[in-house]
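Sequences listed follow chains A, B and C, in order.
Here the first sequence is numbered in numbering that gives the first Met the number 0, starting from 0 and rising by one per residue.
Here the second sequence is numbered in numbering that gives the first Met the number 0, starting from 0 and rising by one per residue.
Here the third sequence is numbered in numbering that gives the first Met the number 0, starting from 0 and rising by one per residue.
Incorrect hints may appear among the rest.
What the hints assert, rightly or not - The calculated label-pair distances, taken between Cβ atoms and stated as ranges, are:
(1) C/ARG99 <-> A/SER157: 42 to 52 Å
(2) C/GLY65 <-> A/THR422: 30 to 40 Å
(3) B/GLU81 <-> C/ARG32: 15 to 25 Å
(4) C/PHE239 <-> B/SER163: 39 to 49 Å
What the hints assert, rightly or not - A few chain B residues facing chain C, derived, Cβ under 8 Å:
(5) PHE79
(6) ASN110
(7) TYR125
(8) ALA130
(9) TRP370
Please keep in mind that the hints were generated in silico from the structure rather than gathered at the bench.
Where a beta carbon is used, it is the ideal one built from N, C-alpha and C, also for glycine.
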Amino acid sequence: MADDTDAATGPDAVTDEGAVSDGDAVASGEPSASRTRRGTDRPTRRRFLALGGAAGALALAGCSAQQTGDDGGDGGSSDGADGSDGSNETDGDDGSDGEGGDEETPTLTVATYTSFIDAPSVSPGEWLKEEFESRVDAELEWATPDNELNYYVERAASGVSIDADLYVGLTTEDLVRVDDQLDDGLFAERGEVGGFGDVRDGLLFDPFDRAVPFDTGYVSLVYDGTAVEAPETFDGLLADEHSGALIAQNPGGSSTGRSFLLHTIHRFGDGGVASDGDDEAVEGGDGDPDYDYLDYWADLQANDVRVLGSWDDAYTAWSNGEAPIVVSYSTDQVFADMEGANLEEHQIRFLNDQAYATPEGMAVFADADEPALAREFMSFMLEPDVQGQIAQRNVAFPATDTATLPDDYAELAQEPAEPVTFTYDELQGSVSEWIDAWERQYAGN
Amino acid sequence: MDFEEAATDAAASAEPADAPPAAASVDAPPAVELDGVTKRYGDTAAVDDVSLRVREGEFFTLVGPSGCGKTTSLRLIAGFEEPTAGTVRFFGESVAGVPPEDRDVGVVFQNYALFPHMTVGENVGYGLNFADPPEGVTRDERVAELLELVDLPDAADREPESLSGGQQQRVAMARALAPGPDLLLLDEPMSALDAQLRERLRVQVRRIQSELSITTVYVTHDQEEALAISDRVAVMRGGTPEQVAPPRTVYREPASRFVAEFVGDNNVFAGRVVDVEDRVTGEDGDATSNGDETSNGNETSDGVTRTAAVDAGGETLRVALDGAADVAVGDRLAFCVRPEYLRIDGGENRIRTTVASAEFLGETTRVTLDWGGRDLVLRTRDPLSGEVVVGFDPEDAHLIDGA
Amino acid sequence: MTDRRSGAGEASTPDAGPSRRRVRSLRDRLEGRLLTALAVVTSLTLVVAFYYPVGTVLIEAVVVDGVATLAVFAELVRDPFYFGELARLFAGESPIAVARALLGPDRRLGIVGFTAYQAALSTVASVALGLPAAYLLARFEFPGRRTLRSLTIVPFVLPSIMVAVGFVATFGTNGTLNAVLSALGLPPVDLMFSLQAIVIAHAFYNAPLVARVTTAAWESVDARAVETARSLGAGPARAFLDVVAPQVYPAVLTGAALTFVFTFGTFPIVLALGGFQLATVEVFVYRLVRDLSYAEAAALAIVELVISLGVLLAYLRYEARNTVNARGARPLPRRPLLPAAPSAREVLPRVGLAAYAVVAAVLFLAPIGSMVLASVTGGDGALTLEHYRFLVDRQRTGAAFQVRPWPAIRNSLAFASAATLMALPMGVVVAVLTTRRYRGRKLVDAAAMAPLAVSGIVVGLGLLRGLVFGVEVAGWRIAATGAVAIVVAHAVAGYPFVVRTVAPGLEGLDRSLIESARALGASRARVIRDVELPLVWPGVVAGAAFAFAVSIGEFTATVVLATGADAYTMPVAIERFIGRRLGPATAMGVVLLVVTGLSFVVIERLGGEHRGL
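Use the sequences and the hints to build the structure in full.
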């Protein structure tokens, strides 16, 4: 992944080149609190105009709020013709899909997280759009709502049309959350997707066969090799010499933080935290049933681990030398190399030779206007050259065995000997409890 | 009518009550009418069922101690407050719901309330933003005219702050008058000024009011000011007017003990009636006859004055009943005698007193006398000390309610 | 007696209104209704852009699966994790036992208690750091004073990530402060990831708020009152205590109350500089919303809201009781910064200010300086302009769907200007309505302050539901997004500042000034414009600056409502440019700093120093 997407929130970027913003119209009104300070020496008419202007501006705001954005509400054929998510074309904005546009050039609206299309370093969005449009007679429109997938969950829950064809960037947890929240499926079955057979087996995270993985990443430790030699095991992090050495992220708000927490659960077991009475506990890989992840975190906390809010917070603090080890991605050196930084300061450590895998998938919305085109896009995403480009531009690992990648890619983008991850079934009904229990222990005041 | 005389020499002569001011026609509706007006704040009524009529062109004063409802009444007229019950009418029409800016009133406050961010001229001209100056007069001319009227012809460009209190008050007056209001409302406009200035200014206010013949409602707690300046006075107490009358009536014939004591110095006596008699006051002198104790004797024929003997503080004092009361032996009776009617070693009723204190006022001396633990006040030109016998005639006593 | 009708009355004919002789033109009539109209528009705006959207979220706390229930609340308040020892009280234990536990050494504050605790500390720190600045700005004259005053609000608009960058670079283990300390032979300080770091960061944001609000009040103190006190024999200290302080207290408390409310709802900065062990309520609201656990999130948000509004209400009651009547005429003369005479009374305050300047430089300038430095520092530590080059490149070559710097600047300025122009009348109207005397007006006032007190995360979700998705009416879905919606949302977020900076002044205004103007024929709206606002002008300008700042710094609502690629703002751009390297984001942060700094200077110049006296 190019950049962490947690806490990272951006506006939904819709590709329309907009007309002059309505803000200009509002700005033309003077407030009634006119700055005229002398009470008597100016003609009153001018003042009245000023007052009228303010009222007009207010009226305009209210008015256009009502004019815009009716979705028709009848679900007719015109519904959703302008595919951009949540976009309400301002008056006179003829946009990219005018009359008859559907017949000639269909528009595919692809929803994703912002850094997939707009990161300061690299992101695959632009290349994918150009490439797809050159191969398929269609227009691709990106939609990146601030709330990411939750935005579509909200739309579905509120009974508003989805206004996008597929979502790119699903995780196992996302699926669990969506399925918990919505009775009706948000996503359609995978259907026919070319190249699906090439996806690596270990990455198929959707038991209901909706999501198609397109890349994966690993959450590992990144450390400054000039300052410290990171421990090789989880237990090593508890050593005195690594007191205050680790910066992690809030599992409630950061996906790297969450992955790291899940990794500790995977390692030490959950101690039955999420057993909801059936006494079934997740067994840890450490083989000690009496020592669970909360025990481990208690020890970590005693050893002065820092848990900051977002990946940005953590990485900023780490970069400034607040601590030598940070929870991040195993692709860190790819970026470091791009920036010409000293790779010695960007070392990767897989604790116990493991890393938590975070496969990313894509799925077609059940409500999609262009389901066929969406599947065509998914097939396109799995093509070997595209897989290679995604991996490089999203700084991740391909989902297929057939990706074309530069030979030296693996030198900087490291994969653990043993990727670990929780399955959909393991996460379902557990992840909230795990985090809740962790929060209560860690932040108990 | 001669306001000056009425205003300055109220006590000098008795006048029939409620003489209408010269200009007002009897049939015309009053310029301002409060009809059963009540204003409540929470549980307390600041103004309690007040009915008043102010005639067109009249200088009408609301006077009373603080909390008597006079200012609230003024605010109800101005429209700053809406009555809880009752109706305010201007020229016979209800102004309920009419905001202050639509009532055509000019208001002057105690603290002048000049806009500190405007010049004097801007202050005076402010109301002309909302009402055109008279035909053929420009705005600037109107401002100049008003400043001329208040004797501040050169103040237009000055900042209000640079003026003295009295000057500011006159500017406030000019400002209130500039739009040509129907009604001028003055809320204790002089109480922040020193005594001398106050007297000068009130003459000026009265002059301006007379010149413009503008209906004026004036609020003050200063009874002297009220008597000096008004055509009629409403003495207020506890949210209700106790007496509404021309100044000299209020002074000479207070309707209640409260009015008697509030307006001017007064000596109030109270006691039980021990005797009632009719006196013949004709050419043949003072023949008297004992009255029938059980009679209601309120008819007094010409030349016969009915008097009562009242046992007050151990002295028996005889007071004229003026044909007003159905007084019988055993009733309690209160009456007052103005200081100027108390005479040293004179009068029919004699009281032995001791001088308690004396204030030299220049023309006269105000002497406080101790009469068995009660204070009496009299005015004299002569120095007094020690024991003094004072007295008054029965006709100089005025019966009051509230014994 | 006709001669007295020299005014308009003469020409008029009796019209519909009883005893109305003044000719009222249509213009006047409309103006007369203006206040009512503005009040109605303001209320509608608040309902549409705030109360309804927020309501859609908060209601989830008490309506779960379509059934009304208090179970979520009951569970929440009995949870010691959130309420500490107080939870036992809610759970039915005796108050005495709870009181004893609270006084005990092992007491648990709970998340809510801790949040209030750190907010209280932050408030104290902000007031302590803000007051000297207000003293300096209100009472001394020196070159650049007006500019400095304008710039005080700049920290207010900085995105938390920028502040975090600046703080780590300044107060971190390897930060500037420690470098200076070690150069001076002093031991290093370890400030990061502690309660102190959070409190200092909160002071960084809020001390300027306290300073700016207080400065406005201090500048409105009438010199005559002080002169009167002095003439009555009061020494300078006594005159200050008796005359100046009572007029400045309410403003200080305004700043304090707002600071408490803000820091009570604090979120990203706490985790960035403190760490999760110092998590506040809002952190959990965020997590719960993210996990779609709306019932619990809404319940927590309501707890936040109740506490914040409670503080505001307490403050408002105080404000109402302690307003000092003022005529707002002539401000106190400023003193030169250089002492006129070497007397203790002349020198001591200036020495104090000099010491304060050092502290302020460390706390306010150093983090900003570090941020600027980061924007010109390359990966190899050498000075470079590459990050600014990135901005230029992104502007030139960025894809249409990507965020580019110039539209962000343009939108920020346009939205902020429009939002300010909208927030001013809204704020003034609410200030006027809440300074009238009627029962429950303080409740209305507190409710009007709700946009400050509601969890930002809940507001964002509410706007999504209420505005972006809209409301279905008779088969039509009415929704609002884009520039207009953003402006409205920003105005709603900013107008409480206008209320709070304007209302105390209005409340203190001599009623007779207003009544005089009305009796002279001015409508209520006219009086506000001709008399009231000019007399509380410093507060109006301060309110305008805050409304502008709120809009510039706003993020949550903006990202929710921005529909097209051209509706993003500078904070969004900064957020978007954050990558592994901080350079591009800090460069954009410096752009934000410069643009907003200039804007504040322009606003205050437009606003004028004083009321033109």
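Here is how each hint holds up against the structure:
Between C/ARG99 and A/SER157, the C-beta spacing of about 49 Å keeps the proposed range 42 to 52 Å intact. Hint check: C/GLY65 to A/THR422, Cβ distance near 33 Å, so the stated range 30 to 40 Å holds. At roughly 18 Å, the beta-carbon separation of B/GLU81 and C/ARG32 lies within the given 15 to 25 Å, and the hint holds. Distance hint check for C/PHE239 and B/SER163: the Cβ-Cβ separation is about 28 Å, which falls outside the suggested range of 39 to 49 Å.
A cut of 8 Å between beta carbons decides the hint on B/PHE79: the least distance to chain C is about 5 Å, and the hint holds. Annotation: interface hint on B/ASN110 holds; nearest CB of chain C at approximately 6 Å, less than 8 Å. Checking B/TYR125 against chain C: minimum C-beta separation of about 5 Å stays under 8 Å; hint holds. With its C-beta approaching chain C no nearer than about 4 Å, B/ALA130 sits inside the 8 Å limit, and its interface hint holds.
Against a cut-off of 8 Å between C-beta atoms, the interface hint on B/TRP370 is violated, since the closest Cβ of chain C lies about 42 Å away.
Taken one by one, the earlier hints fail for this structure at numbers 4, 9, listed in ascending order.
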